[in-house]
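Protein sequence lines correspond, in order, to chains Y and G.
When you number the first sequence by the working numbering, it's gap-free, plus one each residue, and the end is 316.
When you number the second sequence by the working numbering, it's gap-free, plus one each residue, and the end is 296.
Careful, some of the hints might be misleading.
Under the rule of at most 25 Å between Cα atoms (straight-line distance), these lysine-lysine pairs were calculated in the DSS-like manner [as the list claims (entries may be wrong)]:
(1) G/Lys63 <-> Y/Lys158
(2) Y/Lys119 <-> G/Lys63
(3) Y/Lys79 <-> Y/Lys61
Now the in silico label distances, taken between C-beta atoms and shown as ranges [as the list claims (entries may be wrong)]:
(4) Y/Asn211 <-> G/Gly196: 57 to 65 Å
(5) Y/Ile42 <-> G/Ser78: 45 to 53 Å
(6) Y/Leu206 <-> G/His71: 56 to 64 Å
(7) G/Ile37 <-> Y/Leu212: 31 to 39 Å
(8) Y/Ser81 <-> G/Phe106: 43 to 51 Å
(9) Y/Leu206 <-> G/Ile37: 27 to 35 Å
(10) Y/Asp213 <-> G/Glu190: 43 to 51 Å
(11) Y/Phe53 <-> G/Gly196: 46 to 54 Å
(12) Y/Ser78 <-> G/His71: 21 to 29 Å
Bear in mind the hints are in silico, worked out from the structure with no lab data behind them.
A quick note: this is a predicted structure, and the numbers were derived from the prediction, not measured.
For glycine and all other residues, C-beta sits at the position ideal for the given N, C-alpha and C.
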Amino acid sequence: MAVIAEPVAAQLKRASLWTRAFESRNFLGAMFMVPAIAILILFLAYPLALGFWLGMTDTKIGGAGRYIGFQNFVSLSKDSVFWLSVFNTIFYTVFASIVKFAIGLYLALLLNERLPFKSMIRAIVLLPFVVPTVLSAIAFWWIYDSQFSIISWVLIKAGLITRYIDFLGDPWNARWSVVAANIWRGVPFVAITLLAGLQTISPSLYEAANLDGATNMQRFRHITLPMLSPIIAVVMTFSVLMTFTDFQLIYTITRGGPINATHLMATLSFQRAITGGNLGEGAAISNAMIPFLVAAILLSFFGLQRSRWQQGGRD
Amino acid sequence: MTTMDDQSVGMDYLESFPRKFLRVYLPLGLIIFFLLFPFYWMAVATFKPDAEMYDYEKYNPFWIVHPTLEHISKLFFDTDYPLWMWNTVIVSVSSTFISLFASVCAAYAIERLRYKGSRYVGLAIFLGYLVPPSILFIPLAAIVFQLGLFDGNLALILTYPTFLIPFCTWLLMGYFRTIPYELEECALIDGATRLQILLKITLPLSLPGVISAGIFAFTLSWNEFIYALTFISSSENKTIPVGAITELVNGDVYHWGALMAAALTGSVPVVILYSFFVEYYVSAMTGAVKE
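Based on the provided sequences and hints, a complete structural model is requested.
Structure representation (structure tokens):
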């Protein structure tokens, strides 16, 4: 043993630190992570922290700010436009999410039927999600035009209304209009992901239920919904997050108008920070969104835990 | 990924056609009509001469009597649109490649090398996906300005990966998990290095996953708006969505024809790419949610 042990030891000594490092999982792992981690720290983690800091300063564009503590939040709490944007954001999120879920689930159930040209229909249904939001929002802008709206034209021809509807000029009309555009864009995402969930449910469950004489409604209530609930939780979390932080649709269709009636927190923070130059105040508005987002994530997380527990899942 | 295979619930062949028409085809047709109508309307406005566009009395708004290319030619020759298109392509392609490179490395390390703490790093990267751009754009603008990247493609190429990497990494981790460990062990015994294993075994086997991630990343960066709106100021550096919104509107004068032409032609590249890889796209979308 001693005869061979010596050359091996010598070899090991000669093997440089470098090659040995490359055999270690931890070192190699760290090396492989460098590109992703570097980008994410510099452009995600650091800005997130910087955003917290900016929210506590009075930074203006082109000038250094100083620390002012919670003063931005204090002045926002007295700012009626800010509270209007909070109201609009919640209104927009609640109504758009509920309808997106309802239509999305219905569409998923329809697409799960035996259909001709199934994959083509699925591809078409997903189009609104694929096409750049701003570009489709331009189409909605035109659809809602006060003088040339095709909706008004059709309704007048059908004899249902007598005057053109001012979709974007009236506060409540404008709110419902942007909600409708958001629903249009969001339904495909909900539908296709729920469809994927539906297809993982084993047909034998339905066959068993059929033999037991269950009605359609009972099968939906006692098989489809419980089996689908984990994926519903995930899809709706994503959907709520995307709706709550939406910027593109509002900025394109109304820019927050008329008289701030459709300003979301995201568009208001853009207006104050970039257009108005008050980076600090804009950052404070962005930061005010964070508690809502965390609440949405936690809610769905615990909802998911609960449904797993009810089904006797292990993890 | 065969999650979307045809697995309709049995017994519905017993249903009569009229009944199925009312229950399935009619509502499905209505929903599809509403989902597609804005695109139709976009296309109609693109090829309609102004005279017809603003006169609903003389012309039926749903039809085009004298199709014209005037809006498209105006868009291509009188505005910076070709530059916007070029910028959008450069930015989307570059940020997709950067993200794919970083994500492949990261996902391989997390899923295969299983270094100390890899699980937590994986979770942290996923959480990055939940941080919305509308919270990050203000501090990012400050950083972009400080780094001297303001008003250039590089500002977008470097910031887009922040929302692409978390998604791609998460998706690729799922793909790598499906490749048997034994393959890598054999290669290790034969003396292959980790890099060789990644390039010659893991990557080729997870090509569908890489394509899914790439297509999704490309469409997401083509779609991106808020960063491009914030970090770019001069017309020749804008991307299509930003250019269309900011440059085709002169005060209160909206060039509807050109706007619609921009919306239509700006959508076409992603739609073509998407239609070629639709299965990959769908599997990427559903895969990310089902993990």
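A quick look at each hint next to the structure:
| no. | hint | result |
| --- | --- | --- |
| 1 | G/Lys63 <-> Y/Lys158 | 14 Å, holds |
| 2 | Y/Lys119 <-> G/Lys63 | 40 Å, violated |
| 3 | Y/Lys79 <-> Y/Lys61 | 21 Å, holds |
| 4 | Y/Asn211 <-> G/Gly196: 57 to 65 Å | 58 Å, holds |
| 5 | Y/Ile42 <-> G/Ser78: 45 to 53 Å | 47 Å, holds |
| 6 | Y/Leu206 <-> G/His71: 56 to 64 Å | 58 Å, holds |
| 7 | G/Ile37 <-> Y/Leu212: 31 to 39 Å | 34 Å, holds |
| 8 | Y/Ser81 <-> G/Phe106: 43 to 51 Å | 48 Å, holds |
| 9 | Y/Leu206 <-> G/Ile37: 27 to 35 Å | 29 Å, holds |
| 10 | Y/Asp213 <-> G/Glu190: 43 to 51 Å | 49 Å, holds |
| 11 | Y/Phe53 <-> G/Gly196: 46 to 54 Å | 50 Å, holds |
| 12 | Y/Ser78 <-> G/His71: 21 to 29 Å | 58 Å, violated |
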